[in-house]
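Protein chains: 2
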Amino acid sequence: MTNRPTPPPGEFLYLLAGDADEFVATCADLLPADIAESLNDLPPDGAARVLTALPFHLAVQVLDESMLERRDEVIERLPDAVAAPLVQALSADQQVRLFRLIKEGDRARLLHVLDAGTREQLARLLSYPPQSAGGLMTTEYLGIPSSWTALDVRQHIARVGRAKETVYAVYIIDEATQRLARVTSLREVIIADSGTPVMEIGEGRKPVSVRPLTDREEVARLIARYNLLAIPVLDDDGRVLGIVTVDDVIDALISEQTEDVQKFGGMAAVEEPYLDAGFWQLVYKRAGWLCVLFLGEMLTATAMGYFEHEISRAVVLALFIPLIISSGGNSGSQATSLVIRAMAVREVSLADWWRVAVREIPTGLTLGLILGVIGLARVELWQALGWYNYGPHHLLVGITVAASLVGVVLFGSFAGSMLPFLLRRIGFDPASASAPFVATLVDVTGLIIYFTVAYLVLRGTLL
Amino acid sequence: MTNRPTPPPGEFLYLLAGDADEFVATCADLLPADIAESLNDLPPDGAARVLTALPFHLAVQVLDESMLERRDEVIERLPDAVAAPLVQALSADQQVRLFRLIKEGDRARLLHVLDAGTREQLARLLSYPPQSAGGLMTTEYLGIPSSWTALDVRQHIARVGRAKETVYAVYIIDEATQRLARVTSLREVIIADSGTPVMEIGEGRKPVSVRPLTDREEVARLIARYNLLAIPVLDDDGRVLGIVTVDDVIDALISEQTEDVQKFGGMAAVEEPYLDAGFWQLVYKRAGWLCVLFLGEMLTATAMGYFEHEISRAVVLALFIPLIISSGGNSGSQATSLVIRAMAVREVSLADWWRVAVREIPTGLTLGLILGVIGLARVELWQALGWYNYGPHHLLVGITVAASLVGVVLFGSFAGSMLPFLLRRIGFDPASASAPFVATLVDVTGLIIYFTVAYLVLRGTLL
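Protein chains in written order, with my numbering: chain G, 1 to 463; chain F, 1 to 463.
Quick caveat, the hints were computed from the structure, so don't treat them as lab data. You may find that some hints are simply not true.
If several chains are the same, the list does not tell them apart, and a pair holds so long as it fits within one copy or across any two.
What the hints assert, rightly or not - Quick list of in silico lysine to aspartate or glutamate cross-link-like pairs, EDC-like style, CA-CA up to 16 Å:
1) K164 - E188
2) K164 - D193
3) K103 - E73
4) K206 - D29
All of these numbers come straight from a predicted model, not from anything done at the bench.
Modelling step: build the complete structure from the supplied sequences, incorporating the hints.
Put into structure tokens, the structure is as follows:
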């Protein structure tokens, strides 16, 4: 039941070449999202032909799908007579999405064919940043004068309901001030007696709302927290500018998630699907961070330079370098991922840094002790079994490894947990504290800890 | 507007100790989610007292909030006479959530006070895995006999609407077979003429549905893709077992996101908020993976053992070990995060592994060449400026570093991108391919590549 048969893209054009009625009949049984996905696999010319052949209401629905890619290229290939009514019929938020993509020249051409009201509204919506509430919102909400009754609302919805993005959230507007007075739901309107004034329907709590510049992550958080189907966007005076609906928020959540995972992997966010992203784009997005990390990691070569003398005297020390520094990086990346996530879901705020520090220090110490014991056992076991000869001072070598692990894991957990706070404090996204970033930070310090411990433990024997 | 004043938890008990009317008036203006959050900060006894003092309908709403923590402990502290009607009034999905938490003994006590119908339903819902559609679904959906008209539906909602989880998705049930015949929306029902038979309302496409064992990630994907407010869960015969609503899916998406970020940081998922999780739980969740990674990383010490002779002859080689192996780990973690994400959003399936491989090989080669050039420049620059003396064969050392970087970054990108495929192929979650996991995997190989290249380039000179 789950998997619906989406015709392979070739078939679309084949159907189109054949019987037009059959084409329309096939499409009528498909969901707009599935048609949009098929169009994504066609060249823009083919997609434009399919879109032209579809019944108008279905073409609008397909173009309204947020999963439709390259919508700008498809629209640019349509004649004005086809494009204008389609674009005009789109919901305001999808018009904005489209115009953000369209090239300057075509923008003017398309704006020209739109009516004055749409044009004006579009210009206003385009002025908000794309990841803000203003940039996501649509203006097709259900605004109801505060003097109406439940019956008035029901009759109004029956008349204009199809044109609204959602009719399930009902926004009641004070007639004198034009401010948002109350929010209720269509459910409450239907349950209420016909004559009930709208101002008495449902629970009279102060509505949850956002401002146009509120970030999409905050919008998503509020919609999730209060189980809303839409959230109103208010201006300074409390007037409704538009609404952001739950489906846009889900799309935003998924994009945000992709961005976070990629950032945590240590790279710039790639917006296109992986297999669609160009080769040079992929290299470009990855090379930047990779080079930054590489330059940072060069400090390890510098640090090691200072210890070259120690290494030449006790080559056995070199054997444990990767083991020790990687343990610091691993514990650091655990701590970072915990804190980034706790920040994202608002469990932890900037002011909580010391509460986190107070937890991470004993945790890091305990984890370090666990690894230290295993490390010491490794050295002694290999020595006892004759698998490797760490020399006459093998016990001291084992102690050096164990003590260094305690220090390195403790430092890794601490630094990894504090880095997101530091980044946020200086105005960066805490999610930029990627696992590779933490590892690089901890590597240099790890080397210094290791060779300092070695110097203290092995002075007079190996060193 | 965004930030609503939530009274601090102490104030709740203070209000309760004082004027009961004032307490109720204060609470009436708060949203259930905000009350739930305040209760989270109270000890379970206090939370139970507040819950008892709240008006019944508000107490039910608060208990229905998915953000309410320790709901089991709160319920256990309520007398049967208070607990029974509250639990009975909860929506089915929240009842299930509650009973999953409640201890065996209390379960029997509470089940006993519930009515037979609720008890039976609960037992059935509890039998589904918690992260499946069956485990998330609620049974309070709007099922409409196929012979009804639009007016019948509207009148029915006015009567029973309050008891349904959502009334916005209307499920039309074939009277003969009891199968799901059609899905329409309340919007369409309101727009339709009163006499229109429900089977003629809206667009007659085959409904999108899931099975009880469908994973919550797939449920979320379908709801997002088709912009649904709810999705029906059907049995083998096409009968509706329940529905999963969009707000549950958002909660699931956020949990899934937390799990993924923590996994990618190289640890078991922690379900409690970071600051609430116990010390030993945190150590336990982290120590497991940390030890596994540590044991894996021990192979580096073994590998280095084989090269001890080379290091003692050319200590200069040791200086670049951290730099080279970390570059492999970093490029690997980039590739892994890209592929994990592409898999999660279904851009890439198991069968696409070779398309990914074909992209990653040239990408890795290019990235390796970029780092290689920087690495060579570093060695020659430091030598020329007199910042460090790499000896008479400094150019050969530089070439060794550069060539190793090409090999290591190429291998890292390739291995990092293939690992999620391998994990999925053998039945693991591809998201288990954490950044530290990839780094560990690449470290050992990186050392082997480095010393092999060194042997080839430096044979006869340094080695």
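Hint-by-hint comparison with the structure:
For the identical chains of this complex, K164 and E188 are inter-copy neighbours only, at 12 Å across copies versus 18 Å inside a copy, given an alpha-carbon limit of 16 Å. Taking the shortest Cα distances, K164 and D193 never come within 16 Å of each other, neither inside one copy (24 Å) nor across copies (19 Å). For the identical chains of this complex, K103 and E73 are intra-copy neighbours only, at 9 Å inside a copy versus 59 Å across copies, given an alpha-carbon limit of 16 Å. Proximity of K206 to D29 under the C-alpha cut-off of 16 Å is restricted to the inter-copy arrangement: shortest distance 7 Å between copies versus 43 Å within a copy.
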